[in-house]
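K.L.:
Sequence:
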Amino acid sequence: MRYPSPIFSVLADKVCARDYIEKTVGSQYLPTRYLVCEQVTMETFETLPGSFAMKANHSAGQVILVADKHRENLQRLAQTANTWLKKDYSRTFREKHYSSIQPRIIFEKALLSNGKPPDDYKFNVFNGETGTPPYIFIQVMQGRFENLTQNLFLEDWSAAPFNRVEKKPSIDPHLAYPPKELPEMLDIAKRLAAPFSYLRVDLYLYDKKIYVGELTFTPAAGEFKLSPPEWDLILGQKFGWPEKLPSA
Numbered sequence: 466m467r468y469p470s471p472i473f474s475v476l477a478d479k480v481c482a483r484d485y486i487e488k489t490v491g492s493q494y495l496p497t498r499y500l501v502c503e504q505v506t507m508e509t510f511e512t513l514p515g516s517f518a519m520k521a522n523h524s525a526g527q528v529i530l531v532a533d534k535h536r537e538n539l540q541r542l543a544q545t546a547n548t549w550l551k552k553d554y555s556r557t558f559r560e561k562h563y564s565s566i567q568p569r570i571i572f573e574k575a576l577l578s579n580g581k582p583p584d585d586y587k588f589n590v591f592n593g594e595t596g597t598p599p600y601i602f603i604q605v606m607q608g609r610f611e612n613l614t615q616n617l618f619l620e621d622w623s624a625a626p627f628n629r630v631e632k633k634p635s636i637d638p639h640l641a642y643p644p645k646e647l648p649e650m651l652d653i654a655k656r657l658a659a660p661f662s663y664l665r666v667d668l669y670l671y672d673k674k675i676y677v678g679e680l681t682f683t684p685a686a687g688e689f690k691l692s693p694p695e696w697d698l699i700l701g702q703k704f705g706w707p708e709k710l711p712s713a
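Counting along the sequence shown from 1, when you hit position 184 you're at 649 in my numbering, and nothing is skipped either side.
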């Protein structure tokens, strides 16, 4: 966060990151992109299908999933999107790399089943010294936009030896077993994170397919609190540093 590499800005940009994802693992892991624009008007929605995801490319958390645009207040949606565009997200939590992203709105296919989004699998990949395997822990988040829960697993789907403070775990019995797509998901996350000492790769399982949601270098803006607290230091020691990054 203090001395971000220029490529952090490129890959934190939800528009530009698609090129890196396509070149690294393939376009089949990207949700369909409908439109990218620098201002949203009522005419913008006329070009879109009935269902879509509306996201700001230069921030985190600014996303709205629309199941049926004919039941939405489109004027309010446009106002919300244009308000997002005016916000300098880098000032919110001092994540400097967001300041170099040109604000835009991206519209993509909404991954919805019965109006609800799929579970969110966040792969935290730590790359240490050359020749050593990465250390990975996985956040499984359920109930987004409703009653959000979070469970932590290691690469072999055993329970992680730490938890996030103040995050409620799910009691869903299906979480006792890994998804059958886990090996492919791990491969995707490792390949995308390979050049970096740390990268979080967000994946979704939808309609029997894997999709990459976004790439994150500074989750929770460095305020990720763990229990037991010594795991903050243990994970920090798993960074390979300094890293030799590709140019932006």
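It is worth saying that the hints were derived from the structure and are not from the lab.
Virtual Cβ for every residue (Gly too), placed ideally from N, Cα, C.
Heads up, some of the hints might be wrong.
Said to hold, decoys possible - List of simulated lysine-lysine pairs, DSSO-like, C-alpha gap at most 27 Å:
| # | residue 1 | residue 2 |
| --- | --- | --- |
| 1 | K551 | K561 |
| 2 | K655 | K690 |
| 3 | K632 | K709 |
What the hints assert, rightly or not - Restraint ranges, calculated between C-beta atoms of paired labels, are given here:
| # | residue 1 | residue 2 | range |
| --- | --- | --- | --- |
| 4 | G608 | E503 | 13 to 23 Å |
| 5 | K534 | K709 | 38 to 48 Å |
| 6 | E503 | I699 | 36 to 46 Å |
K.L.:
Does each hint fit the structure? Answer for all of them.
P.N.:
Against the structure, the hints come out as follows:
1. K551 to K561: 16 Å, holds
2. K655 to K690: 24 Å, holds
3. K632 to K709: 34 Å, violated
4. G608 to E503: 13 to 23 Å: Given range 13 to 23 Å: violated, Cβ gap about 33 Å.
5. K534 to K709: 38 to 48 Å: 46 Å, holds
6. E503 to I699: 36 to 46 Å: With a Cβ separation near 43 Å, E503 and I699 satisfy 36 to 46 Å, so the hint holds.
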